[in-house]
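If you read the protein sequences in the order shown, they are chains C, H, F, B and L.
With the numbering used here applied, the first sequence covers 226 to 585.
With the numbering used here applied, the second sequence covers 226 to 585.
With the numbering used here applied, the third sequence covers 226 to 585.
With the numbering used here applied, the fourth sequence covers 226 to 585.
With the numbering used here applied, the fifth sequence covers 226 to 585.
Calculated directly from the structure, the hints in this document are not laboratory data.
Wrong hints could be hidden among the right ones.
[Stated by the list, open to error] Here's a subset of chain L near chain B, in silico, CB distances under 8 angstroms, partners left out:
no., residue
1, Thr260
2, Leu264
3, Asp268
4, Asn270
5, Asp487
6, His489
7, Ile501
8, Glu504
9, Arg510
10, Glu511
11, Ile517
12, Met519
13, Met525
14, Thr529
15, Arg581
16, Ile585
Please read all numbers here as calculations on a predicted model, not as lab measurements.
Even glycine gets a Cβ: it sits at the ideal position worked out from N, Cα and C.
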Amino acid sequence: MSLIRSTKRKKSASNKIGLPPGSLVYVGKDSNEPTQIELIQYDENESVKTEIQKVKELKSFITDKKVNWVNIDGIHNIDVVESIGKIFNIHPLVLEDILNTDQRPKFDIYEDYFFVSLKVVTKSDSDANVYNVEQISFILGNQYLLSFQEKSGDIFGPVRERLELPISRIRHSREDYLLYALIDLIVDNYLSVIENVGEKIQFLEARISDNPKEKHLKKIMIHKKNLLDLRRIITPLKESLFKMQGYETSFIDPKNEIFFRDVHDHINTIQELIEIYFEINKSLRELYMSNISMKTNEVMKLLTIISTLFIPLTFIVGVYGMNFTNIPELDNPNGYFYVWGVMIVITLILIYYFKRKKWI
Amino acid sequence: MSLIRSTKRKKSASNKIGLPPGSLVYVGKDSNEPTQIELIQYDENESVKTEIQKVKELKSFITDKKVNWVNIDGIHNIDVVESIGKIFNIHPLVLEDILNTDQRPKFDIYEDYFFVSLKVVTKSDSDANVYNVEQISFILGNQYLLSFQEKSGDIFGPVRERLELPISRIRHSREDYLLYALIDLIVDNYLSVIENVGEKIQFLEARISDNPKEKHLKKIMIHKKNLLDLRRIITPLKESLFKMQGYETSFIDPKNEIFFRDVHDHINTIQELIEIYFEINKSLRELYMSNISMKTNEVMKLLTIISTLFIPLTFIVGVYGMNFTNIPELDNPNGYFYVWGVMIVITLILIYYFKRKKWI
Amino acid sequence: MSLIRSTKRKKSASNKIGLPPGSLVYVGKDSNEPTQIELIQYDENESVKTEIQKVKELKSFITDKKVNWVNIDGIHNIDVVESIGKIFNIHPLVLEDILNTDQRPKFDIYEDYFFVSLKVVTKSDSDANVYNVEQISFILGNQYLLSFQEKSGDIFGPVRERLELPISRIRHSREDYLLYALIDLIVDNYLSVIENVGEKIQFLEARISDNPKEKHLKKIMIHKKNLLDLRRIITPLKESLFKMQGYETSFIDPKNEIFFRDVHDHINTIQELIEIYFEINKSLRELYMSNISMKTNEVMKLLTIISTLFIPLTFIVGVYGMNFTNIPELDNPNGYFYVWGVMIVITLILIYYFKRKKWI
Amino acid sequence: MSLIRSTKRKKSASNKIGLPPGSLVYVGKDSNEPTQIELIQYDENESVKTEIQKVKELKSFITDKKVNWVNIDGIHNIDVVESIGKIFNIHPLVLEDILNTDQRPKFDIYEDYFFVSLKVVTKSDSDANVYNVEQISFILGNQYLLSFQEKSGDIFGPVRERLELPISRIRHSREDYLLYALIDLIVDNYLSVIENVGEKIQFLEARISDNPKEKHLKKIMIHKKNLLDLRRIITPLKESLFKMQGYETSFIDPKNEIFFRDVHDHINTIQELIEIYFEINKSLRELYMSNISMKTNEVMKLLTIISTLFIPLTFIVGVYGMNFTNIPELDNPNGYFYVWGVMIVITLILIYYFKRKKWI
Amino acid sequence: MSLIRSTKRKKSASNKIGLPPGSLVYVGKDSNEPTQIELIQYDENESVKTEIQKVKELKSFITDKKVNWVNIDGIHNIDVVESIGKIFNIHPLVLEDILNTDQRPKFDIYEDYFFVSLKVVTKSDSDANVYNVEQISFILGNQYLLSFQEKSGDIFGPVRERLELPISRIRHSREDYLLYALIDLIVDNYLSVIENVGEKIQFLEARISDNPKEKHLKKIMIHKKNLLDLRRIITPLKESLFKMQGYETSFIDPKNEIFFRDVHDHINTIQELIEIYFEINKSLRELYMSNISMKTNEVMKLLTIISTLFIPLTFIVGVYGMNFTNIPELDNPNGYFYVWGVMIVITLILIYYFKRKKWI
């Protein structure tokens with residue numbers, strides 16, 4: 226099978242119509258940064274980091290005696306990904322999935338390795354976005370773990386630090402535990418992002434109670450969208466982890482399975498949180514709607530009170546503004562004061578009526 | 226079993242009541258275009274296209290040595306479909322399904338072949354419709370692939386182009402891979418159409434935020450209907466692909482099963498997109514409704530402000546428009562100015578009140 | 226077990242409380258029409274119809290050499306049903322189910338026969354009802370098919386016509402295919418009725434868009450009720466057909482199973498249509514509600530425009546209607562025209578304001 | 226295990242916190258009526274009823290030769306229940322379930338017997354409640370059927386009457402058929418109560434259409450609550466019957482299983498009815514809400530028509546009520562009539578406008 | 226594996242990002258109270274309570290001959306938890322779960338023991354919270370039961386009291402029955418808390434019917450949140466109990482399994498109650514919304530009545546306030562009274578109209 230080395234990078238999955246399956250097309254944003262390939266090798270005694278310059282040399286570095294972690298930073302360079310694919314004998318469809326950053330999280334098992342693709346979400350500093358999404362793919366073979374990162378940046382920092390510590394469990398384990406440690410890190414990030422969404426929802430509630438504005442409704446919609454997206458990211462990951470436990474593969478040491486089960490558990494917690502935030506977000510919308518109704522009601526009450534008080538009075542004064550030649554009351558010297566008396570009485574009755582209705 | 230050669234083409238499935246099962250009735254639009262039968266035969270060395278004039282000759286063209294793809298363009302010609310059915314020994318119910326373009330996407334396995342029927346959706350240029358739907362049926366036998374297209378038009382173009390390239394994988398594979406390539410193409414089209422719907426929904430959101438109109442609500446309803454229809458098209462296809470993987474048939478080479486699994490995966494992505502667009506579309510309706518409430522509220526506020534400001538003042542001026550003989554204030558030379566003073570004070574108080582209520 | 230020959234026919238299932246199970250009670254409408262028993266016997270050579278006068282003679286007519294179809298028209302005559310039950314050795318609970326027209330569609334397998342009970346829906350001409358419902362029960366034994374119709378009337382007409390044609394498949398098959406043909410006919414009727422409901426919903430949409438009235442909301446509710454009822458009729462039928470395929474019975478020839486699978490498929494289509502019409506009907510209600518809100522909003526706008534324009538002007542003219550002895554403006558010979566000028570300016574400003582708000 | 230003979234009868238399940246499991250506590254209403262124990266023994270030849278005075282004697286009455294039905298009326302007497310538990314060797318948890326009338330319907334199988342607990346609902350005469358709920362528990366052993374009723378009263382009357390008839394099937398069967406007959410009776414009661422709820426919902430619809438009042442909304446809520454409760458009563462019963470069919474017990478004769486399947490079927494019908502009434506009840510609420518909106522709209526229209534007609538006219542007459550020394554129109558002898566003319570024209574234009582808007 | 230003895234106590238799960246899995250971090254509130262370790266040992270003859278001062282001594286106390294219950298009060302002391310973990314050879318992930326009070330209820334089975342973590346809810350006295358939540362974890366080994374309580378306080382009091390009674394079943398059973406008794410106690414607490422929520426919802430209904438206020442809507446939202454949280458606590462517990470029954474472990478005596486089944490049953494009841502309260506709470510929101518609409522409607526009616534009555538009258542008196550030189554009616558000596566007559570007639574007509582509309 227020949228891989229088409231597409232130089233034009235297409236921006237949307239829909240542009241892929243008609244390309245043969247397995248065509249390597251990077252659908253994310255272009256980037257000028259060079260792709261970095263980093264090989265981390267460790268065992269109980271030492272941990273060594275090597276910057277790989279030429280992809281072809283990679284093979285010669287791999288050794289049975291240590292854990293081999295190859296981290297590829299920046300997948301916009303299709304040639305590099307393809308070369309690595311050739312070195313490790315990876316199926317073209319897998320390479321396509323690695324490059325397709327619109328890819329749904331998935332897990333697939335092959336003869337020589339298995340493939341996990343998932344999304345990393347990280348808290349965003351900007352106000353518009355609550356989080357950034359990045360795709361990371363892992364290929365776990367018998368002697369190596371490959372990780373493909375969409376953007377450079379060091380989300381794996383904490384694991385790297387632990388790799389420095391000779392006493393850490395990670396140094397006494399093989400690639401499967403390393404994979405677990407990386408996935409666990411990613412899942413912890415989910416929790417942090419979702420808690421962030423939760424706080425924003427809580428903050429919004431106070432604002433809506435105070436004075437509901439159209440922009441609040443927009444924010445509610447954005448939260449909903451974010452939660453939908455997060456759910457869409459997490460649900461297939463759960464399936465993947467479930468499948469991983471099901472397969473009896475030679476890639477995961479049975480005594481490490483408990484760790485993957487633990488991650489599975491964390492994802493359950495996250496899913497439940499998402500569902501609860503969904504419900505709370507929905508309640509916010511109801512709060513918003515009912516507050517608007519409430520305010521309309523208040524406005525109406527004021528209008529009604531004013532109208533009910535003054536319209537009859539205006540009528541009365543209108544009566545004595547008429548120019549009939551014979552209006553007996555007009556000639557009564559105290560007529561003016563009597564009229565005031567009548568109007569004050571009417572006003573008092575109406576005020577009493579409103580009080581009883583609890584309108585004022 | 227005798228096939229009734231119906232010359233009247235019925236327009237609605239409900240007109241089929243009482244016809245014996247397996248009756249061949251074309252339920253789509255009539256067409257005067259002749260049905261085109263095209264035989265594409267290829268192997269690693271060459272790819273030959275033959276226009277078949279007489280259906281009966283078709284049999285003699287089929288050869289074991291090459292991949293045989295028979296593409297029938299335009300199924301309104303029942304005789305042709307029936308003849309092909311006889312040549313390849315196809316069950317009458319299958320032929321009925323091919324002709325019934327109201328048919329739900331389905332997959333059925335028979336002794337000599339299996340049958341897949343699905344819908345192609347293509348982006349529409351017209352403003353009213355977002356997409357066109359066409360039914361395509363495939364029959365995959367051991368030496369042949371039949372494809373039945375409802376309308377002529379070349380949705381299979383990209384695959385044909387690849388058939389021209391000797392290095393393409395498709396040229397080195399058999400009918401099963403060809404079928405996969407065609408289905409993959411169709412599924413890519415779904416994605417493109419759904420992204421199109423998504424963009425329209427996004428565009429609508431901006432319009433509704435600005436100024437909600439009744440026609441927007443209609444558009445929301447149309448989007449909902451479209452998404453419902455797309456879901457109805459895609460869900461059974463997913464089932465079919467799932468069934469296809471389950472059966473151990475001699476029609477699909479086990480090493481090609483991964484490709485069908487990949488299509489299955491794409492459909493999952495599409496389904497999730499549909500669900501998300503459903504939710505966003507639903508949010509749009511809520512936005513619409515709440516914007517109308519919001520506007521009613523605003524209108525009410527203006528009315529109330531104006532009324533509350535002027536109704537009391539009008540009452541006051543009414544008082545001094547009365548014609549009582551004895552109204553002491555009227556004789557006060559500065560009475561007129563005092564009244565203005567009182568009215569200005571009342572107005573200022575009310576404006577302050579409205580400001581505090583954040584109405585103005 | 227003794228069958229109670231109830232002469233009083235009870236109208237509601239709730240009146241059956243306390244009757245022993247298996248009590249034969251007809252719960253439908255009374256009828257004076259006599260019950261007709263018709264025996265249709267056919268094979269490849271001939272098709273003979275016999276009107277059975279005395280139930281007891283029925284047994285003697287049944288023959289191994291032909292397909293025996295006994296159609297009982299009108300089940301209000303409990304004695305007849307009971308006699309037939311005795312002749313064919315049918316379980317009293319089955320007879321109870323045949324008579325109970327409130328019965329949920331069901332399928333039950335017994336040693337000597339199996340029992341299918343379902344509902345026929347037919348388009349109604351009356352305006353109030355969209356369709357009529359009738360219960361039909363089938364008992365398929367090894368040498369016979371019994372069909373029990375609630376009302377006389379010929380819904381099986383099309384099948385009868387085909388029975389006249391020596392070349393039709395039905396004439397070359399046994400009772401199982403006959404049963405299939407009848408069920409297929411019934412399912413085609415469902416489709417026709419549901420399309421009818423769909424058209425009425427579409428028609429209603431136009432009316433609501435134009436001018437929503439309370440009666441439209443009632444119609445929406447009726448459509449919902451109808452769709453609920455249709456769903457309730459169809460869902461258990463689907464289960465029944467599913468069960469039928471599951472059982473390996475001697476009653477259905479394996480090579481005819483594909484036909485039952487085909488009916489199953491049609492029911493899937495119908496179910497999906499029902500769900501879609503549900504959704505569209507729901508959208509109608511939303512359209513209705515939002516149109517009313519829209520209209521309220523419009524009414525409010527008009528009121529506000531009129532009030533905002535005239536209330537301040539009325540105040541102004543009220544000012545110069547006051548009778549103070551000293552109002553300097555009144556003595557100005559052009560005062561009246563100045564006031565008009567001021568009022569026109571105010572009016573123009575307000576109209577500009579409304580235009581900018583897109584209210585007029 | 227020691228059973229605590231609690232003399233204080235606790236009213237709420239929550240008061241049980243801290244009591245050891247298996248503590249016999251009656252949670253229903255207190256009652257002074259004595260508990261009645263009735264032993265009904267029958268076979269094909271005779272049916273004998275014995276009033277048991279002392280619980281301990283019960284054992285001596287039980288005989289292999291007849292069907293033994295022990296009906297305990299009134300479970301507030303804990304000592305009696307406990308004694309019976311000892312005689313028939315019943316697990317303390319089962320006794321706890323019998324006494325706990327807040328118990329969810331359940332089915333449990335033990336070595337020597339099985340236990341079914343369910344709710345009887347009976348139509349209520351009072352206006353506030355639509356039905357009464359009572360808990361009934363059955364214990365079916367090899368030679369006996371125990372039934373525990375919460376309240377005295379004869380809901381089993383119809384079965385008793387049939388027990389008097391030597392020809393009834395029940396007299397020719399054993400305890401399992403008796404149990405079936407009793408459960409069937411209870412299920413028939415469900416249907417009757419649900420039809421009653423359905424009628425009340427239908428009646429309410431007419432009232433809401435006419436003039437929606439707040440009390441109607443309350444009624445809708447009560448119906449919803451009732452349907453929720455009925456669903457909660459029926460769903461676990463269905464599960465129980467399903468489990469009953471699954472177990473191959475020596476307690477139920479295989480040839481009677483069809484009867485239990487029949488009850489299962491009735492419950493399906495009831496469940497579907499409940500779901501449909503839920504939906505209709507929900508529609509009622511929507512009808513209610515939209516009728517209120519409709520009425521608000523109508524009120525608004527009237528207000529707007531009146532205001533739009535008279536506010537401009539009032540302005541005009543205000544103009545000519547001004548006291549400017551120089552208002553030329555005032556001196557025109559026909560000025561008054563011209564003004565009337567203008568006002569009538571304005572009124573006619575507005576009426577035409579309203580007519581076109583279909584407001585009047 | 227080295228356990229990090231973190232002295233800084235982190236408050237949020239999201240702060241755990243980057244810590245190696247199995248890191249012991251207490252995420253709850255800090256506390257200065259010392260951790261209490263209490264060993265309760267009992268058999269049929271005696272029950273002894275020992276306060277453990279040094280964790281290391283614990284091992285020496287454990288004996289085969291008695292039931293050993295170790296209750297750890299206060300898990301904020303990580304050192305203590307870690308030491309116990311070492312003594313009983315507990316997996317670090319389990320210890321992490323014990324300390325992580327944000328942990329979802331779970332059940333995990335290990336070689337030497339199984340682990341159950343659940344939430345205790347207790348009625349709260351404060352007005353803001355309806356209940357308090359505390360996490361309790363159990364480890365059931367072959368000779369011991371460990372229980373870890375988050376806060377000190379004696380929620381296990383009732384079980385302790387029963388431990389004092391030599392005749393209680395608990396004294397004649399082993400650790401598995403003790404575990405059951407404790408879980409049963411916790412589940413009884415759930416019921417009590419949920420009934421409390423139910424009562425508050427019922428109380429709220431009366432308030433909303435009377436006079437809906439914004440704070441009521443807030444309360445509805447809080448109830449919803451509480452029910453969501455309770456559901457989130459209970460659902461995984463049900464799963465755990467289900468799994469417990471499934472495993473054939475040596476930790477639970479088969480004859481005690483019925484007790485766990487009984488707890489499972491109680492949880493079903495609780496779940497159904499939660500769902501019903503959800504629905505009722507939802508109804509409350511609908512009641513709230515419709516009451517506001519109702520009130521708006523009422524206010525509108527009053528406004529409309531007043532306006533419709535007086536605006537036309539005000540116009541009439543305005544007419545005769547005009548200063549035209551020639552208004553014939555003005556000179557009519559009874560004109561004034563005629564006008565009053567006309568106005569009274571108009572008023573009566575309008576009042577009749579409102580009465581017919583049932584507005585007054």
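Results of checking the hints against the structure:
1. Given hint, Thr260 of chain L at the interface with chain B, is violated; its Cβ is 25 angstroms from that chain's nearest Cβ, farther than 8 angstroms.
2. With 8 angstroms as the threshold, the beta carbon of Leu264 of chain L stays out of range of chain B, its nearest partner Cβ sitting at about 22 angstroms, so the hint is violated.
3. Given the 8 angstroms rule on beta carbons, the hint for Asp268 of chain L is violated: about 17 angstroms separates it from the nearest Cβ of chain B.
4. Because the smallest distance between the Cβ of Asn270 of chain L and any Cβ of chain B comes to about 17 angstroms, over 8 angstroms, the interface hint for this residue is violated.
5. About 5 angstroms separates the beta-carbon of Asp487 of chain L from the nearest beta-carbon of chain B, less than 8 angstroms, and the hint is met.
6. For His489 of chain L, the interface hint is violated, since its Cβ never comes within 8 angstroms of a Cβ in chain B; the closest pair sits about 11 angstroms apart.
7. A hinted interface residue such as Ile501 of chain L counts as satisfied when its beta carbon comes closer than 8 angstroms to some beta carbon of chain B; here the least separation is about 5 angstroms, so the hint holds.
8. For the restraint placing Glu504 of chain L at the interface with chain B, the shortest Cβ-Cβ distance is roughly 6 angstroms, inside the 8 angstroms limit, so the hint holds.
9. Checking Arg510 of chain L against chain B by beta carbon gives a least distance of about 11 angstroms; that is not within 8 angstroms, so the hint is violated.
10. A least Cβ separation of about 6 angstroms between Glu511 of chain L and chain B falls short of the 8 angstroms threshold, and the interface hint therefore holds.
11. Below 8 angstroms, beta-carbon pairs count as interface contacts, and Ile517 of chain L has none with chain B, the closest being about 10 angstroms; its hint is therefore violated.
12. For the restraint placing Met519 of chain L at the interface with chain B, the shortest Cβ-Cβ distance is roughly 6 angstroms, inside the 8 angstroms limit, so the hint holds.
13. The beta carbon of Met525 of chain L comes within 5 angstroms of a beta carbon in chain B, closer than 8 angstroms, and the hint placing it at the interface holds.
14. With its C-beta approaching chain B no nearer than about 4 angstroms, Thr529 of chain L sits inside the 8 angstroms limit, and its interface hint holds.
15. About 12 angstroms separates the beta-carbon of Arg581 of chain L from the nearest beta-carbon of chain B, more than 8 angstroms, and the hint is not met.
16. Of the supplied interface hints, the one on Ile585 of chain L is violated, with its beta-carbon coming no nearer than about 12 angstroms to a beta-carbon of chain B, more than 8 angstroms.
Comparing the model with each numbered hint stated earlier shows that hints 1, 2, 3, 4, 6, 9, 11, 15, 16 do not hold.
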